[in-house]
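**Student:** In order, the protein sequence lines correspond to chains Z and L.
Counting from 1, one number per residue, gives the positions in the first sequence under the UniProt record's numbering.
Counting from 1, one number per residue, gives the positions in the second sequence under the UniProt record's numbering.
Please note that the accuracy of each hint is not assured.
In the DSS-like style, the derived pairs of lysine-lysine whose C-alpha atoms are separated by at most 25 Å in a straight line are [claimed, not checked]:
1) Z:K109 / Z:K98
2) L:K242 / L:K101
3) Z:K199 / L:K101
4) L:K242 / L:K109
5) L:K242 / Z:K242
6) L:K99 / L:K109
Just so you know, the hints here were simulated from the structure itself, not pulled from any lab data.
There are 2 protein chains.
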Amino acid sequence: MEPGHKPLVDDDGIGAGYSYPRTPSMNVLLVLLGVIEALGVAAIAMVCYWTAHYRGGFAWDGTGQEFNWHPVFMVVGMVFLYGNGIIIYRFLPRLAKKKLKLAHAIIHKAAFVFSVLGLVAVFAFHNATGLPNVYSLHSWLGIGTVVLFNAQWVLGMSTYLLPFASRWIRTLFMPYHRFFGLVIFAMSIATCLMGLTEKLLFTINDTYSSFAPEGILVNCLGLTLVLFGGFVGYIATREDWKRQPLPEEQPINMSIE
Amino acid sequence: MEPGHKPLVDDDGIGAGYSYPRTPSMNVLLVLLGVIEALGVAAIAMVCYWTAHYRGGFAWDGTGQEFNWHPVFMVVGMVFLYGNGIIIYRFLPRLAKKKLKLAHAIIHKAAFVFSVLGLVAVFAFHNATGLPNVYSLHSWLGIGTVVLFNAQWVLGMSTYLLPFASRWIRTLFMPYHRFFGLVIFAMSIATCLMGLTEKLLFTINDTYSSFAPEGILVNCLGLTLVLFGGFVGYIATREDWKRQPLPEEQPINMSIE
Chain Z
1 MEPGHKPLVD DDGIGAGYSY PRTPSMNVLL VLLGVIEALG VAAIAMVCYW
51 TAHYRGGFAW DGTGQEFNWH PVFMVVGMVF LYGNGIIIYR FLPRLAKKKL
101 KLAHAIIHKA AFVFSVLGLV AVFAFHNATG LPNVYSLHSW LGIGTVVLFN
151 AQWVLGMSTY LLPFASRWIR TLFMPYHRFF GLVIFAMSIA TCLMGLTEKL
201 LFTINDTYSS FAPEGILVNC LGLTLVLFGG FVGYIATRED WKRQPLPEEQ
251 PINMSIE
Chain L
1 MEPGHKPLVD DDGIGAGYSY PRTPSMNVLL VLLGVIEALG VAAIAMVCYW
51 TAHYRGGFAW DGTGQEFNWH PVFMVVGMVF LYGNGIIIYR FLPRLAKKKL
101 KLAHAIIHKA AFVFSVLGLV AVFAFHNATG LPNVYSLHSW LGIGTVVLFN
151 AQWVLGMSTY LLPFASRWIR TLFMPYHRFF GLVIFAMSIA TCLMGLTEKL
201 LFTINDTYSS FAPEGILVNC LGLTLVLFGG FVGYIATRED WKRQPLPEEQ
251 PINMSIE
């Protein structure tokens with residue numbers, strides 16, 4: 001094999017066979033990254049405005065004001081941070097792989113912390129007000145999503161961040177890591193949509209059907225979450241936008257030619 | 001180029017570069033196809049049992065019995081048929097490409113017919129009983145999903161079934177066709193989950209939180225839809241399960257070597 005044709009495979013077995021693209025499509029990527037951040041910030045602004053303006057604001061006292069942290073933390077953690085953690089490799093392709101992997105893990109750990117705080121908020125509210133826990137489809141899918149998300153994090157860290165897994169294992173596991181990362185992300189957004197639906201029917205059932213502004217706001221929040229998720233999924237799966245290994249990350253070719 | 005090394009690319013530019021796998025992973029594929037059909041049939045059985053046993057059965061008279069067709073038609077069309085249409089290429093890899101494409105289009109057209117009937121059922125029910133239309137996040141996302149699904153169908157048929165598009169166009173468009181097919185499928189399932197949540201809160205809000213059997217049944221239906229969608233997504237995206245062109249589907253190599 002000629003040295004010039006050695007495959008561009010790094011330690012995790014990804015980024016094989018492509019030279020780093022310098023095409024107009026990279027401009028599209030940059031625009032889409034901007035669109036994603038705008039959508040994410042808009043979603044956080046909407047969920048904060050909704051809970052602060054229409055639902056009575058925030059507290060940590062077992063009332064509905066404590067519940068209000070639940071949608072805010074879930075949108076921040078399980079949508080905004082989760083999505084950004086997925087595409088961090090597209091934002092900073094020139095950063096060293098090890099730093100990117102660490103950032104990927106830290107952002108997702110932060111997302112997990114938000115999700116746990118979000119669960120604490122809703123359980124505390126239910127327990128303080130005598131409401132039952134974990135009976136709805138929203139809660140079943142939501143808890144399943146958080147559990148799977150954490151399992152994915154632990155498996156990912158064990159495989160790619162700690163030094164124990166062989167390159168063979170890393171390469172073998174990567175398609176599953178990618179696939180489940182996106183599926184759990186989709187589950188997370190679907191759970192949010194169910195949660196928004198639930199909360200609207202619990203609170204403004206009488207006026208929702210006459211297009212109350214609160215209902216329209218939350219509907220728009222839901223569509224924004226879907227758009228955010230769709231763009232993250234597109235950027236994460238488009239082959240020619242995959243991060244390419246830096247020159248110093250190429251495995252050394254030890255074969256005698 | 002030696003004839004033995006010509007790339008395996010068919011007219012639509014897919015299935016490039018792989019020899020048809022004869023590995024244990026093909027047995028995994030067959031098992032998963034069986035699991036998918038079992039999940040799909042279970043979902044249809046659950047939605048039928050729910051609406052027939054708990055919600056009063058079926059009619060076409062503007063009452064809640066007409067509404068009951070809505071969840072049944074949507075699960076049959078926008079989940080079961082939609083999912084099976086996506087993976088038809090994995091079921092029958094030895095069938096001629098043209099027949100598979102026709103089957104893919106026909107199954108998805110049938111899914112669209114079911115979705116329209118499902119929309120007719122809910123609009124007729126709302127109009128007959130004086131309920132407003134199209135105010136909920138479920139309805140917004142649902143109608144958006146059906147519109148996008150139909151647009152995807154028309155674009156797919158124009159590009160791949162009619163003889164006008166060049167091979168260059170077909171190859172260029174294929175990643176988008178795949179990506180949007182799966183995203184709209186995920187939107188469809190998320191819309192179903194919101195619809196189940198809505199209907200439970202409209203009908204059994206008092207007993208849902210005390211784990212009424214109807215609520216547990218519908219929760220299980222929701223999880224079954226998620227599992228069905230997850231398996232379809234996995235099968236559709238796994239690279240080594242992609243259908244390979246049959247020998248007679250190879251483009252003829254006209255180059256002089």
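**Student:** Now, for every hint given, state plainly whether the structure supports it.
**Tutor:** Going through the hints against the structure:
1. Z:K109 / Z:K98: 16 Å, holds
2. L:K242 / L:K101: With a Cα-Cα distance of about 14 Å, the restraint between K242 (chain L) and K101 (chain L) holds, given a limit of 25 Å.
3. Z:K199 / L:K101: 43 Å, violated
4. L:K242 / L:K109: 23 Å, holds
5. L:K242 / Z:K242: 21 Å, holds
6. L:K99 / L:K109: 15 Å, holds
Violated hint: 3 only; the structure is consistent with all others.
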